[in-house]
Amino acid sequence: MPDDARAPDGIGAPVRRKEDFRFLTGQGHYTDDINRPGQTHAYLLRSPHAHATLGAIDTSRAMAAPGVVAIFTGADLAAAGVGGLPCGWLITDKHGKPMVEPPHPVLAQGKVRHVGDPVAVVIAETRDAAKDAAELIEVAYGVLPAAVEATDAVKPGAAQLFDEAPANTCYEWEIGDKAAVDAAFAKAKLVAKLDLINNRLVANPMEPRAAIGEYDKGSGDYTLYTTSQNPHVIRLLMGAFVLHLPEHKLRVVAPDVGGGFGSKIYHYAEEAIVTWAAAKVKRPVKWTSDRSEAFISDAQGRDHASHAELAMDENGRFLALRVDTVANMGAYLSTFAPAIPTILYATLLAGTYTTPAIHAAVRAVFTNTVPVDAYRGAGRPEATYLLERLVDVAARVAKLDPAEIRRRNFIATDAYPYQTPVALQYDSGDYFKTLEMALKTADRDGFEARRAEAATRGKLRGMGIATYIEACGIAPSAVAGALGARAGLYEAAEVRVHPTGSVTLFTGTHSHGQGHETTMAQLVASGLGVSVDQVEVVHGDTSKIPFGMGTYGSRSLAVGGSAVMKAIDKVVAKGRKIAAHLLEAAEADVEFADGTFRVSGTDRTKSFAEIAFTAYVPHNYPIETVEPGLDETAFYDPKNFTYPSGAHVAEIEIDRETGVVEVVKFTAADDFGRIINPMIVEGQVHGGLAQGIGQALYEAAIYDKDGQLLTGSFMDYTMPRAANLPMFDVATNVTLCTHNPLGVKGCGEAGAIGSPAAIMNAVHDALSPLGDIRVDMPATALKLWQIIQSHSPAQAAE
Amino acid sequence: MSAPISMTVNGRKVTANVEPRTLLVQFLRDQLGLTGTHVGCDTSQCGACLVHLDGKSVKSCTMIVAQADGAEIMTIEGLSTGELHPMQAAFKEHHGLQCGFCTPGMVMSAVDLVKQNPEPTEHEIRDWLEGNICRCTGYHNIVKAVEAGAKAMGGSHAG
Amino acid sequence: MYEFNYQAPTSLADATQAIAGAEDGKLLAGGMTLVPTLKQRLARPSDLIDLSRIPDLKGIKVDGGTVTIGAMATHAEVGASEAVKQAIPGLAWLAGNIGDPAVRHRGTLGGSISNNDPAADYPAALLALGATIYTTKRQLSAADFFVGMFETALELDEIVTAVSFPIPEKSGYQKFRNPASRYAVVGVFVAKTGAGVRVAVTGAGPAVFRVPAFEAALDKSFTASALNGLSVPADELNADIHASAEYRAHLVTVFAKRAIEAIG
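Protein chains in written order, with this note's numbering: chain A, 1 to 798; chain B, 799 to 957; chain C, 958 to 1221.
Heads up, a few of these hints could be off.
Example chain B residues on the side facing chain C (calculated, C-beta under 8 Å, incomplete) [to be verified]:
hint : residue
1    : N815
2    : D840
3    : S842
4    : G845
5    : A864
6    : A869
7    : M872
8    : E922
9    : W926
Derived lysine-lysine pairs resembling DSSO-like cross-links, with alpha carbons at most 30 Å apart [claimed, not checked]:
hint : chain 1 : residue 1 : chain 2 : residue 2
10   : B       : K913      : C       : K1015
11   : C       : K996      : A       : K705
12   : A       : K131      : A       : K111
13   : C       : K1127     : A       : K459
14   : A       : K282      : A       : K249
15   : B       : K854      : B       : K890
16   : A       : K544      : A       : K639
17   : B       : K854      : C       : K1094
18   : B       : K854      : C       : K1018
19   : C       : K983      : C       : K1094
Since the hints were made in silico from the structure, they are not lab data. In this text, all values refer to a predicted model and were calculated from it rather than measured experimentally. Where is the CB? At the ideal position from N, CA and C, for every residue including glycine.
Please work from the sequences and hints to get the whole structure.
As structure tokens, then:
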């Protein structure tokens, strides 16, 4: 489909967002904005200990407190047959055995395994009353030693979370040809080695999670309002596995959602609790997280410790890559956790390069910390960070320029489809051109002069390059199923044309900042020749939308948008039949463009609105062969992943006196395939960059040895602020995806994927005058000052 | 236990009996139904709850409601009637919002900035937004929106 | 928050009576620290006595050689005051850079110094400038007022009414912010007065302190380079995940120099 330059609101136009008016005027409807008649308030009593046996829970004093409606513990839920929170992905280990999958009770039973593990729920007339009463609950904890760091948790003598998981190991998994890798290393002239940590992050969407459960006594129907990226997935998981409710009796609504970044994909305990409890207390039950609570109950991200080695020939050509990663799962398996450090990580280790042999071993480990799952990028940032840091080390080993070593190893532009040694087949790309765009925009040629000037101001200036590739548009269901997914990953759309020609689009994707109400409307506008204002996009309600797998993994346009295009095709096909009847022409002779059905080569036409009207007022109608109405549903299952790619260039300065890093300039050149709304795409890149820069320089979930989260609020967890970031330079290269109708690849995660390595390569470049230094993320001022001190004490004391 | 309070909210006089431990933001959201003012943290960092009190930006999560007794409060719902305020329009034009959750606080903060500093530089804007956290936009388009909003406010709206 | 009684006296006499009569009363100034503390259920006062309705506690006056600021003057008022900017620019800059704009619209001088958070900015100015603190019972020097971490010489029923600052020849303040909370990890106030240079440091230690070695060096030469080679010992300084004691000690020197450079 060509860019619709004709239309001011078609494909390719920077249409201003339809959703903005309500957000800008305070008329959004986020979950916590909803209040149901007669609602009660839930407060969760959470474990203050990282690891403890759970003895008697005495709720008698709390039950007597003013305003208390009910109190439930794990025992109550067990007695009622409430199931545990399910894991949606099964990894099979390197011996062919299934991963260890311990139960994850909704409220803790027998043991608590992380600070924040919920122990009891108090339901009261007000939130304060529930909190007041919760303080009166007495819990007999038997405190146990905690296992916190994954690399420690596997050692002999470490505290054991589950009897069924010796050495706290969930699985040991591998991918690639180990023998081929070993052989390549044996003949390698040059080898680059690197140990690195991918720091644990807290997603921190600005809207804390919330959930309201409601039960209709008359019908027996349940409704859950929740802050979710995928309400149908929640309905499936909670209905089928936890509360044993059939889909037709359970409605899940995810209204306006204030950001997710992955953390609102998962099915959480609070959703099940409020839904179940609403039927018990026969009143709606509302729960809203505090930010402090979010820090100990929202799934966290990343947390890898890796060793990597890259074998090269004498010219710096990559021969083989060897990776060993320990991934922290936290205390329980969150919904998609096992897939992140395997399927979404190790398969990306070829990156943009032709490395012929790759082997990766991944050990997933339980610890007494908050569960870890996907966070913006999910596995792909971890792969990119490891690979792109390693390539910079390789450049140093091979005495090559960092851009040159990359070019020397890029997959050739005419080599697509390109099969990597780690399962994926890339369909399109042009890494050479994207890198050149980035280097030009970043004025790499002028960098050394800028570095010299900075030195006169006491600043260490550095430039860092990173390229990346991601696998998005998740995912072909058969492939995902073969890799352990317990669900299909297609998407659904319904295009409902109304009698007067306006359209309601129902999409199974969910917008929580991505602007789907606008982008998806542009697809309909282009496809049916109507204006964006005539299209309403509905998402986030299982009672309205046929089905959906939701929004994550940069899949909404590539998979959800493709479903929209299929549904549009069906509408046009039916419209053509109706038009043929009205125009007394053969169906094959009727063409459709710009909102008009036309008999080819004639001026006999019917407008789209006329056809829509006829479909609903079928007086003169081919009723024998065509049903009335114009409302089409389509499901789309992708043929392959999509492969967005790009090159990021960071330029930073380190203040020698304080260690503070300033990001002076950041350039992102990305290839997202066809772009529907460039304004929204740029916004997605900006936000991703901020999160990637945040990971590189500021953010870290830090636990002490007892498993207490030291960075448990915005007082200690450094959220990037306006003053921490520069204006970004964003450029786009376009190679089309070859296997979906729009040629789109996805743009939601790219910013967070390329930027950490670009920043850290720049930091290492800046530090290079001091020696061969290795620093892990986040490169905080304290850490860099200590490095500067230890490598140049005389200058630093000045 | 409850005590009477009265204030003007978005030009409308309101009186109520409230528990002393009610926060201003709880009063606005739960009792007045003005849910455009959001709660994004519990340590006074994020600014999602920012409103104007007697014309100045304040964090409504960090005040008990009695402290606002007799005050004039303006929330995002009161910033404009019908058409968008120039700052709101600038946020839309420059894509200064994504999920929308921090947006009311950002807009209210930006309006106060421009009242105090009609022509803020990029540096001054970033500095002013110290108390407003956005997780979606990377601030790039927020800064552009505030610059444009300031220009547009140059006339009658500046007061 | 736990339940409490709220009182809003309109005179100092009523306020004094209220706090004296409360079982476990707390004075509420701007509330920028107290309200978050209550929200976290870290304090459980029986009564909150709001000082914001007492006219006597407001206002900024400059006369003769002193600037006198009412206890309930907000940081924004002090930061924007032309009189303060003229008389003690370092103090105006300090006040105008506490927290963020919304915090500055509510937070007050009296509230800040009565709380005496080790990371608060104001104590550095009071100590460096040799300010006098006026209360409902007496007047105290800054040196006597600030006792230790979150500890002052105030009695339970004693209310700060105003602070007077002798106008120095020159003054400057610079700070290194905690990247997350934005509180001062280290803040250094430098004042050049007729009686000599005074340097006070906040954030670095359990409470605000002066640095005699810096003062002596600056008395000889009021230049940043006069502090070359000088540092405070790290032994007694605070340490956390954002800044070790050694780092804080280093930053004290760096930001003392930057304060002098800012004075120009």
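Now the hints, each set against the structure:
1. N815: This hint is violated: N815/B lies away from chain C, its Cβ roughly 13 Å from the closest one there, beyond 8 Å.
2. D840: 6 Å, holds
3. S842: Status holds, d = 5 Å.
4. G845: 7 Å, holds
5. A864: 5 Å, holds
6. A869: 10 Å, violated
7. M872: 14 Å, violated
8. E922: 11 Å, violated
9. W926: Because about 6 Å separates W926/B from the closest Cβ in chain C, which is inside the 8 Å limit, the hint holds.
10. K913/B x K1015/C: Given that 30 Å is the threshold and the Cα spacing comes to 23 Å, the pair holds.
11. K996/C x K705/A: 28 Å, holds
12. K131/A x K111/A: With a Cα-Cα distance of about 23 Å, the restraint between K131/A and K111/A holds, given a limit of 30 Å.
13. K1127/C x K459/A: 29 Å, holds
14. K282/A x K249/A: Since the Cα atoms of K282/A and K249/A sit roughly 16 Å apart, the hinted pair holds (cutoff 30 Å).
15. K854/B x K890/B: Measuring from Cα to Cα gives roughly 23 Å; hence the hint holds.
16. K544/A x K639/A: Measuring from Cα to Cα gives roughly 27 Å; hence the hint holds.
17. K854/B x K1094/C: Distance of about 33 Å is beyond 30 Å: violated.
18. K854/B x K1018/C: 23 Å, holds
19. K983/C x K1094/C: With a Cα-Cα distance of about 17 Å, the restraint between K983/C and K1094/C holds, given a limit of 30 Å.
Of the numbered hints listed earlier, those contradicted by the structure are 1, 6, 7, 8 and 17.
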